[in-house]
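Given the structure of chain W, go ahead and fit chains B, P and S onto it with the hints provided.
There are 4 protein chains.
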Amino acid sequence: MPSYFDNPKSKLDLFRQQVYIIIYGVNTPAGKAFDVGLLIAILLSVFTIMAETIEGIDLYYHSELIILEWIFTIIFSLEYALRIFVSKKPLKYIFSFYGIIDLLSIMPMFLSLFIKGSHILSSLRILRLLRLFRVFRLMEFMQESSKLKVALMASRAKIFVFLYTVLIIAILIGTLMYYIEGPANGFTSIPKSVFYTIVTLTTVGYGDMVPATALGQFLSMVLMVTGYGIIAVPTGIVGVEIAKEVGKSLNEQQRKEKDSNTLNGTVCAHCNVEGHRNDAEYCYHCGHQLNI
Amino acid sequence: MPSYFDNPKSKLDLFRQQVYIIIYGVNTPAGKAFDVGLLIAILLSVFTIMAETIEGIDLYYHSELIILEWIFTIIFSLEYALRIFVSKKPLKYIFSFYGIIDLLSIMPMFLSLFIKGSHILSSLRILRLLRLFRVFRLMEFMQESSKLKVALMASRAKIFVFLYTVLIIAILIGTLMYYIEGPANGFTSIPKSVFYTIVTLTTVGYGDMVPATALGQFLSMVLMVTGYGIIAVPTGIVGVEIAKEVGKSLNEQQRKEKDSNTLNGTVCAHCNVEGHRNDAEYCYHCGHQLNI
Amino acid sequence: MPSYFDNPKSKLDLFRQQVYIIIYGVNTPAGKAFDVGLLIAILLSVFTIMAETIEGIDLYYHSELIILEWIFTIIFSLEYALRIFVSKKPLKYIFSFYGIIDLLSIMPMFLSLFIKGSHILSSLRILRLLRLFRVFRLMEFMQESSKLKVALMASRAKIFVFLYTVLIIAILIGTLMYYIEGPANGFTSIPKSVFYTIVTLTTVGYGDMVPATALGQFLSMVLMVTGYGIIAVPTGIVGVEIAKEVGKSLNEQQRKEKDSNTLNGTVCAHCNVEGHRNDAEYCYHCGHQLNI
Amino acid sequence: MPSYFDNPKSKLDLFRQQVYIIIYGVNTPAGKAFDVGLLIAILLSVFTIMAETIEGIDLYYHSELIILEWIFTIIFSLEYALRIFVSKKPLKYIFSFYGIIDLLSIMPMFLSLFIKGSHILSSLRILRLLRLFRVFRLMEFMQESSKLKVALMASRAKIFVFLYTVLIIAILIGTLMYYIEGPANGFTSIPKSVFYTIVTLTTVGYGDMVPATALGQFLSMVLMVTGYGIIAVPTGIVGVEIAKEVGKSLNEQQRKEKDSNTLNGTVCAHCNVEGHRNDAEYCYHCGHQLNI
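Residue numbers (our numbering), protein chains in the order written: chain W, 17 to 308; chain B, 17 to 308; chain P, 17 to 308; chain S, 17 to 308.
Bound conformation, chain W alone (with noise of 0.2 Å):
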C-alpha cells in the first residue's frame, strides 16, 4: 500500500487513494467495472488495429478508423498516466512487464506523427489481453494445477531431447527428398524441403508441395505414420511425470492415514510418551502400565 494512504494530507492524496483502488483493485465494484471497461476498451482497439488491415473495410473508413484509434490511444494514455501518478513506485510501474507494454501500445501513434506507418505497431496493445488473467484469477486456477507445471517442468529437458531429434530427423529427410523429388517437382531448394518435412511429420498438410515420385511419396507415407505414431512419445513423457506426481501424493495420503489408524494416540501417564499399538497394556517406552 502507497505511504500516502495511512496518512492522506491532501484532497489530491485523497484522489490518488481512491484512483489507486479503482485501477489496482479488482474487489470493489468500481474496481471491477474499470477492468471490464478497459478489457472492453483493448478488444475494440484491437478489432480497430484488425479492420484497418482489411482492404474493403479501409477503403470506405479509413478515416473513421484512424480517428478510433487515436481515442483508444488517449484513453490508454491517459490510464497510463494516471496509473504512474497514483503507485507509491511508479518506476516500478514503468519498469514492469505489464508497464512495458502499456508503454509500447501508446508509443507507436505518437510516432506516426513523426515516422508514416509506425502506427502498424499498435498491433502490440493485444498484449495488454494478458490482463485479462489477473482480472478474472485465472492464474489461480493454473497455480492450483501445481501437479501439471511440476510435470511440465520435469519433462521439460526430454521434450527438448524429442523436439531436437524430430528436427535432426526433419533436416535429414528434408535433404533426402530435395534429392529424391528436385526443383522440377516443387522441391526448389533444402529449406524448403525441410519446410515440407515439417509439414508433413506434424500432420499439417498443406498441400502446396506434394512428392511426385513413387520414392518421395513412399518415404512421404513413412513419414506420415511417424508423425502419427510419436505423437504418442510428447504425450507419455508427460503421462510418466503426472503418474508420478499423483502417485507421490497418494502415497503421502496413505502414508498419513496408516499413521493416524495404526498406532494410537493413548498418552502414557508416567513419561507422556504417545503413539502404542492398539492393543497394548504397557508402554513401550517406560513399561509403565497404561490406561490405569
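Since the hints were derived computationally from the structure, they do not count as laboratory data. Computed from a predicted model, the values in this text were never measured in an experiment. Incorrect hints may have been included.
[Claimed, not checked] Some chain W residues close to chain B (C-beta under 7 Å, calculated; not the full set):
#: 1; residue: Thr69
#: 2; residue: Val166
#: 3; residue: Thr218
[Unchecked claim] DEER-style ranges, computed between Cβ atoms:
#: 4; chain 1: S; residue 1: Ile116; chain 2: W; residue 2: Lys108; range: 53 to 63 Å
#: 5; chain 1: P; residue 1: His286; chain 2: W; residue 2: Lys264; range: 43 to 53 Å
#: 6; chain 1: P; residue 1: Pro199; chain 2: B; residue 2: Leu60; range: 53 to 63 Å
#: 7; chain 1: S; residue 1: Glu80; chain 2: P; residue 2: Arg147; range: 34 to 44 Å
#: 8; chain 1: B; residue 1: Ala200; chain 2: W; residue 2: Tyr77; range: 46 to 56 Å
#: 9; chain 1: P; residue 1: Ala49; chain 2: S; residue 2: Asp74; range: 52 to 62 Å
#: 10; chain 1: W; residue 1: Thr181; chain 2: S; residue 2: Val238; range: 49 to 59 Å
#: 11; chain 1: P; residue 1: Tyr195; chain 2: W; residue 2: Lys264; range: 50 to 60 Å
#: 12; chain 1: P; residue 1: Tyr195; chain 2: W; residue 2: Ile100; range: 46 to 56 Å
#: 13; chain 1: W; residue 1: Leu231; chain 2: S; residue 2: Leu179; range: 13 to 23 Å
#: 14; chain 1: P; residue 1: Lys48; chain 2: W; residue 2: Thr181; range: 51 to 61 Å
#: 15; chain 1: S; residue 1: Leu59; chain 2: W; residue 2: Glu71; range: 36 to 46 Å
#: 16; chain 1: P; residue 1: Tyr195; chain 2: S; residue 2: Val238; range: 22 to 32 Å
#: 17; chain 1: S; residue 1: Tyr77; chain 2: W; residue 2: Glu71; range: 51 to 61 Å
For glycine and all other residues, C-beta sits at the position ideal for the given N, C-alpha and C.
Relative to chain W, chains B, P and S alone:
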C-alpha cells in the same frame, strides 16, 4: 404418470393411455417400433433436405423432394399434436428442450407458404436426432462415466486458460505473419493471418495460404512444432484429473477393504483385548467366548 | 491332428502328413520357409496388381503383368487345393475366414476369362496379408495386452456416444456453413459442407474448400480449436478405463501380499482352522490354546 | 585413457595429451569451447549447403559458397586427422558410429574433384549434429527417463501390430477408393490411392487428391473419423505400460515403507509376544524390558 392413467374414465382416456405408452415408452415392442420408425423418418427427412441442396438431384426431382418434405412435415406435425394431446402436462412438454426442437422442425415448412425460401430452416430437424440418446439409453453409458465427467468439469477452467493463451498467441503471431508476408503473398489482412495461424497451430493445414518468405516459413515451422507438441497439455490436464479421480476411488476401495478385512474393535468381556477377526468366536488373547 | 496322422496307411497318407506339417506348421524349418515364401508371393502379387493400375507401367509391360498375375493365381490355386487335400476337415477350412479369403483371391482371375475386367477384384488377395499375424505369432503379443483390450471394450459405448455427438455437431455446423458460405464460395450442397466440417474437425484440412466470408472463417476457427481440443476426450475415455484396469491389478497384488502378511498360517491343532493373528494365543474359532 | 597419457615420453606425447583433452573432454574450458565451436561450424556448413540449393542465392554467390564449403571441409578434415592422431585406438574411432559420420561428411567434397556434382552428398554432415547429445549431456536426461524407455520397449510389438493393421486397412481402402473414384477424379493408380488413404488416415490432408463422388466422400469421412479416433490406441498402448511401470515402483515404495514402519518381529523373552515398535524398550504386553 398422467392422472387419467390411474383411473381411465372414457374410451378416449384408454386411447390416450395406449398412445402414451407407445410414444413415451421404450420397453414395449410397440414403443420400440415407434421410436425406431421415428428415427428412420427423421434421418430420411434430413437426407431429403440435404438432397435438395445438391444441384444435380434438385434439378430433376425438385417437386418430388418438396412432396417428400411435406409428407415428413405432416407426420411430425401429427406426432407433435399427439405428444401434446397425451401428455399430462402439455405445457411442460411444449417448453421442454425436445418440445421446442419438435416445433422448430415443423414450423419452417408451414412458414414457407407465406415466406418463400424459409423451408430451408427445416434443417433444424437434425436436432431431433438427439432423441437417439433417449431411445437407445446411451446417456446411461455416459452417466456411468462420472469419473470422466468430474475430470472434465474440474479441468474446465484450466482448459479455458489454455485456449485463451493459445488464442492470444494466435492473434500475436497472426499479426506478425501479416507484417512478414504481406498482402502480396496472400496474407491480405490481420484476421486472415490469424485464420492462417489457427489453421497451422491446430495442424489442420488447408494450404490456401502458404508463407513465401524464409522468415514466414521459419515462424510457421515453429508454430507447427508448437501446435504438435502442446496437444500434450490438454491431454495432460484431463489426465491429471482422471488420475486423481481414479486415485481417490482406489484409495476408498482400499480403505473399505481394510475396514472390512482388518480386525474389528469388539472388546473381550473377560480381558478387554480388542482387534479380533470379524468371524472370531473366541478371544485370541484369553480364549474367552466373545459376544455373550 | 488329422486321423491319418496317427495311423498312416499308405504312401499317400505319409505324403499328406508331410505336406500338412509344411503348410500348417510354423515350427519346422520347412514350415517356416513355406510361410515366408507364401508371404513374399502374396506381396509380389499385390504389387503386380498395383503396377497394373499405373498407366506408365501398364502401357509397356501389360502382357508381362498379366502373365505374372496368372503365375501367382496358379500358385495360390495349387496351395488352395493342397490345403483342402491335406486338412482333416476340408469343409471347416473352406468355410473358415482364411479359407474364404484364399478362394476369393484366386476366383477373380478365372472369372476374367468369362467376364472381362473382373480380374481387378484380385486386389482382394491383399487380405491374405492378414496371415502374417499367424506366421509371426503377432496375435500372441496382442492377446497379452488384455488390459488394453478390456479398456477398449469397456469404453466402446462411450466412444460411440462421442462419435455420434461429433457427427450431429458436424451435420449441424455443416448445414450452418452451407447457409453462411453458399454455393458461390464452393459450399455447393449440405453434404459437401458436412464433408468440409468433418475435414476441419478431424484436423485433416484438405483445403479444397475454404471459407471466404468472415463469419464462415470465424466458425471454422472455432471448429478447429474444438477439434484440436476434444481429442483429449477419446484419449481420456480410454485413459480412465486403463487406469481402472491397472488400478484393479495393483490392488489385487497388494491384497495378495497383505493376505499373506497379516494373518498367519498357523493351524489350530484342535479344529484345523487357520488365519490367526500373529499374536493370537487362542484359536479365534474354538477357543483352543494355540502353539502347544 | 591412451597409454602415452600415463607416461608421456616426448614433447609430441605431451601435445597429443593436450589435444586429446581438448577434443574429447567436455569438462575443461578449452574442451567446452572446442565443442561449441565445432557445433557452430557444423551448423554453418549445413546452412552453406542449404543456401547452395536456393536458386536466388546460388546465382549470385555460387563461388563464395563453394569456397565456404571447402573451408569447412578442410576444418573437418583437420579435426578428423587430429581425432585419429590422438586417440589411443585409432581403428576403434574410425569404425565407430561418429567416426564413419565424420569421414562421410568430408569425403563428398574431395570426391567432387573427380566426380562432378557429388559434393551435394555433403548434406550428410547434418548427422554430425547428433554430437550435440554428447556435448550437452542430453542423453543423461533420456537415460534417466528409463520408465518411458521400458514402456516404449514393452509396447514395441503392440505398436508394430497396430501400424501393420493400419497399413493393411490403408491398402484395402486405397484399392476401394481407386475403384470408386477412378482416374477421372485424380485417383490415377492404386499406389496413389493408398497414398491418399494414408494422407487422410493420419490427418495430414494435403488436398492434392480429393474425392469427387458421394461414395468416395462418405468413405473418406469414415476414414478421417477413424484416423482421428484411433490415435487413442498408440497413446493407450504406451499409457498401459507407463501405468504398469509407475504402479510397480509405487508398490515397491509402499512395500519398503511398510517394511521399515511396521512392528518388528522381536519376541519378548518373558511373554513371547512379538510385534513391538521398532523403538520399543519394554514389551507392550507384559511390561518386561526387551532386548536384555
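Taking the hints in turn, this is what the structure says about them:
Taking 7 Å as the C-beta contact cut-off toward chain B, the hint placing Thr69(W) at the interface holds, the least distance being around 4 Å. With a least beta-carbon distance of about 10 Å to chain B, the hint placing Val166(W) at the interface is violated under the 7 Å criterion. Interface restraint check: Thr218(W) against chain B, minimum CB-CB distance 4 Å, threshold 7 Å, status holds. Distance hint for Ile116(S) and Lys108(W): a CB-CB separation of about 58 Å, consistent with the stated range 53 to 63 Å.
At roughly 48 Å, the beta-carbon separation of His286(P) and Lys264(W) lies within the given 43 to 53 Å, and the hint holds. Taken as a hint, the range 53 to 63 Å is violated for the pair Pro199(P) and Leu60(B), whose Cβ atoms sit roughly 24 Å apart. Checked against the hint of 34 to 44 Å, the pair Glu80(S) and Arg147(P) fails, with Cβ atoms roughly 59 Å apart. For Ala200(B) and Tyr77(W), the Cβ-Cβ distance of about 23 Å falls outside the hinted range of 46 to 56 Å, so the restraint is violated.
Here the CB-CB span from Ala49(P) to Asp74(S) is close to 54 Å, well matched to the stated 52 to 62 Å. Here the CB-CB span from Thr181(W) to Val238(S) is close to 34 Å, at odds with the stated 49 to 59 Å. Remark: the range hint 50 to 60 Å for Tyr195(P) to Lys264(W) is upheld by a beta-carbon distance near 53 Å. Checking the proposed 46 to 56 Å range against Tyr195(P) and Ile100(W) shows it holds: the Cβ atoms sit about 51 Å from each other.
At about 20 Å, the beta-carbon gap between Leu231(W) and Leu179(S) stays in the expected band of 13 to 23 Å. For the pair Lys48(P) and Thr181(W), the beta carbons lie near 36 Å from each other, so the given range of 51 to 61 Å is not met. Between Leu59(S) and Glu71(W), the C-beta spacing of about 41 Å keeps the proposed range 36 to 46 Å intact. The given range of 22 to 32 Å is respected by Tyr195(P) and Val238(S), whose C-beta atoms sit roughly 26 Å from each other.
Taking the beta carbon of each, Tyr77(S) and Glu71(W) are about 37 Å apart, not inside 51 to 61 Å as hinted.
Hints 2, 6, 7, 8, 10, 14, 17, counting from the list given before, are not met by this structure.
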